[in-house]
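Chain order of the listed sequences is A and B. In terms of our numbering, the first sequence opens at residue 2 and continues consecutively. In terms of our numbering, the second sequence opens at residue 2 and continues consecutively.
Derived from the structure by calculation, the hints contain no laboratory data. Treat the hints with caution; some may be incorrect.
Any copy, or any two copies together, can satisfy a pair, since identical chains are not distinguished.
[To be verified] Subject to a maximum C-alpha distance of 25 Å in a straight line, what follows is the list of computed BS3-like cross-link-like pairs (lysine-lysine): (1) K129 / K5; (2) K284 / K318; (3) K284 / K49; (4) K49 / K318; (5) K346 / K318; (6) K134 / K284; (7) K129 / K184; (8) K5 / K315; (9) K346 / K5; (10) K284 / K129; (11) K5 / K318; (12) K83 / K5; (13) K134 / K184; (14) K318 / K83; (15) K184 / K346; (16) K318 / K129; (17) K184 / K318; (18) K49 / K315; (19) K346 / K315; (20) K346 / K49; (21) K346 / K284; (22) K315 / K83.
Number of protein chains: 2
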Amino acid sequence: MPSKRAYVPFVSVEHMMGLVHHIGIEQVLTDLAAEIEADFRRWPLFDKMPRVASHSDVGVIELMPTSDGETYGFKYVNGHPKNTAEGLQTVTAFGLLAEVDSGYPTLLSEMTLLTALRTAATSAMAAKHLAPKGARTMAMIGNGAQSEFQCLAFKAVCGIDTVRLYDIDTSATTRCARNLAAKGLTVVECRSGQEAMEGAQIITTCTADKQYATILTDNMVGSGVHINAIGGDCPGKTELHRDILLRSSIFVEYPPQTRVEGEIQQLEHDHAVTELWQVIEGKASGRTDDRQITLFDSVGFAIEDFSALRYIAKAAKGTPFFTQLDMIADPDDPRDLFGMFQRAKPENH
Amino acid sequence: MPSKRAYVPFVSVEHMMGLVHHIGIEQVLTDLAAEIEADFRRWPLFDKMPRVASHSDVGVIELMPTSDGETYGFKYVNGHPKNTAEGLQTVTAFGLLAEVDSGYPTLLSEMTLLTALRTAATSAMAAKHLAPKGARTMAMIGNGAQSEFQCLAFKAVCGIDTVRLYDIDTSATTRCARNLAAKGLTVVECRSGQEAMEGAQIITTCTADKQYATILTDNMVGSGVHINAIGGDCPGKTELHRDILLRSSIFVEYPPQTRVEGEIQQLEHDHAVTELWQVIEGKASGRTDDRQITLFDSVGFAIEDFSALRYIAKAAKGTPFFTQLDMIADPDDPRDLFGMFQRAKPENH
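Chain A extracted, bound-state conformation (with noise of 0.2 Å):
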């Protein structure tokens, strides 16, 4: 028999479904918020390095490894935005936490789901840290498949009671509010950016097209509000208006990461932006006036996913939502891995 460091706690799809209906998903919105906000206060701490991006003509293939130097944690991600056209996700992920002392894994987990989960609880910090006090409605454009995520994030963190919907493909908006009926939102499926944006204090974007593409122009936005920019997040893909950028306070989650993926790619590389854990901490200014556009241009972090990881191995602990890989060689003598696979002959058993 295999021993207990053998094997790898492993949450699958089903489990990942399960586990977040059994804690139920406005609480794990809010859980995984606290997470991510308790991470970001001890940023300095952690190993920090770019994402390892395979591009290829159609998407990319992305490790996204990070470690606070107890607990190591990466994440394989994929984007492919003509994957949908194929009936495939445009982005699907799983990840793994590891013991930093041993090097031993002791989390495996899909991630597509929890990637949506933490991006939404992501967004829902950072907006609770930036944007106008007391705003209650959000309009969500772009509303393919982070976009319901998003909304009950808000919800849950920001006390958003009001989403805006709006998508090019009126299918996508039909579905969104769909699934959003009977979720204590008024959801209001609008025809076009500027109807969603009407009346609205957050502005969240969310589109998948891999190119520069402009959701919002400067006209369109009003004073005061905070914008929530997802969907702008590899070299090429961008959602805003260049122009909206220079009259907005950005905030990012790693520099030198988003302003290769961000929609400040389209800035100098040195425009002056902060950094969201410092905004959390107390060591720059986040919202300081009423009139002031604030713009968290939101790529995905490492750290992210090590938070929603750590979250998942804590939550999981004690239910029936993981099982046992058989996953890592540990022969009794760790200088015998041969007489293991010798003595695993089938004519020895």
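We have chain A already, so just place chain B on it with the hints.
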């Protein structure tokens, strides 16, 4: 029910042992050497990136990605020399293949055992091109977890019939000799490195200390031999005295990585080395005379893992040596990730 694409074939440790016994270990080593050689022949085609290492005081965790434009692969691997004393493996690993076109994973596999196999196969494949013709005796210095695999690979691929074992820990030598009994090799247990090298045309060094060590000194190495240096594979970890390097023709996998991690970290950064793939492809000379010392300064490269994973994917097909992991969220409508989650709610069943 999840779609077919939601499942990722998974080869566990138990499966890997079963599969290798099913095929036969010498056949596997021969096949792996051929697969790796075939991929070295198309070396320029690969996306080559230095591994992404996360170092701590006691070890390292690394991600090793590569791609041939059709298939993407990466390995997770740790290196913790102090693990042995705690009853754990120095090196554990697992790996993944994915489709470049969609980003969807196609194989997850244990790689602790597979890394031992591919390292041995790579060593033997290099020796086939570099060692003196008619070599029959190998000195095996360092009798840890990798040693039996090395001996069997050199038997299967290079026709070695005698191995001379030495380790500072005599119990390691005893174990290695016991494991190699009745394998068709003459096994000689030696009391010193010097004794092990008597009459050997090939010298393999494979020790695990994370420090500058001198397993071989200059006066121990006669002319005409081939040195297969496995253990010097990370910054600060070398096995050979610098003077040996200066007398040798040095062959490496990927110079940018080997100059940081291999024996040649002891030399000037522009010291002449030859890339092994160029020898295999006939673009550079290998062994040119009988008195030449050839040295394969091997650190392990991502392409070797890629070759090994592709071999396992093919070999496991149609056998009982894998299971299907529910690792990828794959909703019917790819934009409806939330709907898939919603429908999984227990009360909806």
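| task | Identify every previously stated hint that the structure contradicts and give their numbers, smallest first. | result | 1, 2, 4, 14, 16, 17, 20, 21 and 22
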